[in-house]
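According to my numbering, the sequence shown holds residues 1 to 266 in order.
No lab work stands behind these hints: they were computed from the structure. Being a predicted model, the structure only gives us computed values, none of them experimental. Please note that the accuracy of each hint is not assured.
Simulated restraints, written as ranges between beta carbons of each label pair [what the hints assert, rightly or not]:
1) T58 <-> D37: 34 to 42 angstroms
2) L29 <-> H49: 26 to 34 angstroms
3) D37 <-> G220: 41 to 49 angstroms
4) P31 <-> V110: 26 to 34 angstroms
5) A215 <-> P31: 40 to 48 angstroms
6) N206 <-> R154: 37 to 45 angstroms
Glycine residues also receive a C-beta, built at the ideal position from the N, C-alpha and C atoms.
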Amino acid sequence: MAWDPAIFSPTAIRHGAASALRGMVNAVLPPQCLACDALVATPGSLCSHCWRDAKFITAPQCPICGVPYAFDPGAPGVGAICGACSRVRPLYDRARAVLHYDDLGRRLVVGFKHGDRTHGAPTFGRWLSRAGAELIADADLAAPVPLHRLRLIRRRFNQSAMLAQAICRSPAGEKVRFAPDLLLRSRHTPSQAGLNAVQRKRNVRNAFAINDRWAARIEGRRVLLVDDVFTTGATVSECARILGQAGAVAVDILTLARVDAPRGEP
1 MAWDPAIFSP TAIRHGAASA LRGMVNAVLP PQCLACDALV ATPGSLCSHC
51 WRDAKFITAP QCPICGVPYA FDPGAPGVGA ICGACSRVRP LYDRARAVLH
101 YDDLGRRLVV GFKHGDRTHG APTFGRWLSR AGAELIADAD LAAPVPLHRL
151 RLIRRRFNQS AMLAQAICRS PAGEKVRFAP DLLLRSRHTP SQAGLNAVQR
201 KRNVRNAFAI NDRWAARIEG RRVLLVDDVF TTGATVSECA RILGQAGAVA
251 VDILTLARVD APRGEP
């Protein structure tokens, strides 16, 4: 992966060396499951037990926010829109996710985000490409939810940028332009963890800005915004608001996992 300051922090040089070392180790030792570290035949895959437990999100689901339905509400249309979207239309156009954020989904995300299991990015990119096929087909640009530079230094990489790049490297996303620094985190905010929907919305208000070098290239474009987890939608909604003000004609959301609570609930 080419070095990009929007994906990696300056300290990632050491991280890259560690990744190279892991690559040499992986060449000698058998690959492990992305979720539980059990031995697997193929690098970047799940063991049979974890694959059996994986709860992939499929239709039927709300055509707008992507919340999965317990039953099929019928043909797509107004009647198929969930209650939350019927009451308040989200600022983004469509949202889709690969997995439920249950125990296995959490282990996959946390391992990727905090456990240096970045070798899972190509696999996650393939999953995202399937879950968001219709979104990717319409997209002009793929951009990650950005990290503030202080958090990027601590974490060493932006996991959402790695997911967006993996999508653009997949056959489905080869015509989509990867825009890793389209959005900037203009204000350092506390973590969203532990906050309810109202607090999350307040926490990220005016926390994002358009990168000046992209400002003239957003007008009339459809943007695919990529993140790791969709919880209440507060973060992606604020990003969508900023992109809409900059002239984007549509902003779709694609995430690796989704919390089961309905959109906007605490």
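Hints, verified against the model:
no., hint, in the structure
1, T58 <-> D37: 34 to 42 angstroms, "violated, 27 angstroms"
2, L29 <-> H49: 26 to 34 angstroms, "violated, 20 angstroms"
3, D37 <-> G220: 41 to 49 angstroms, "holds, 46 angstroms"
4, P31 <-> V110: 26 to 34 angstroms, "violated, 19 angstroms"
5, A215 <-> P31: 40 to 48 angstroms, "holds, 43 angstroms"
6, N206 <-> R154: 37 to 45 angstroms, "violated, 23 angstroms"
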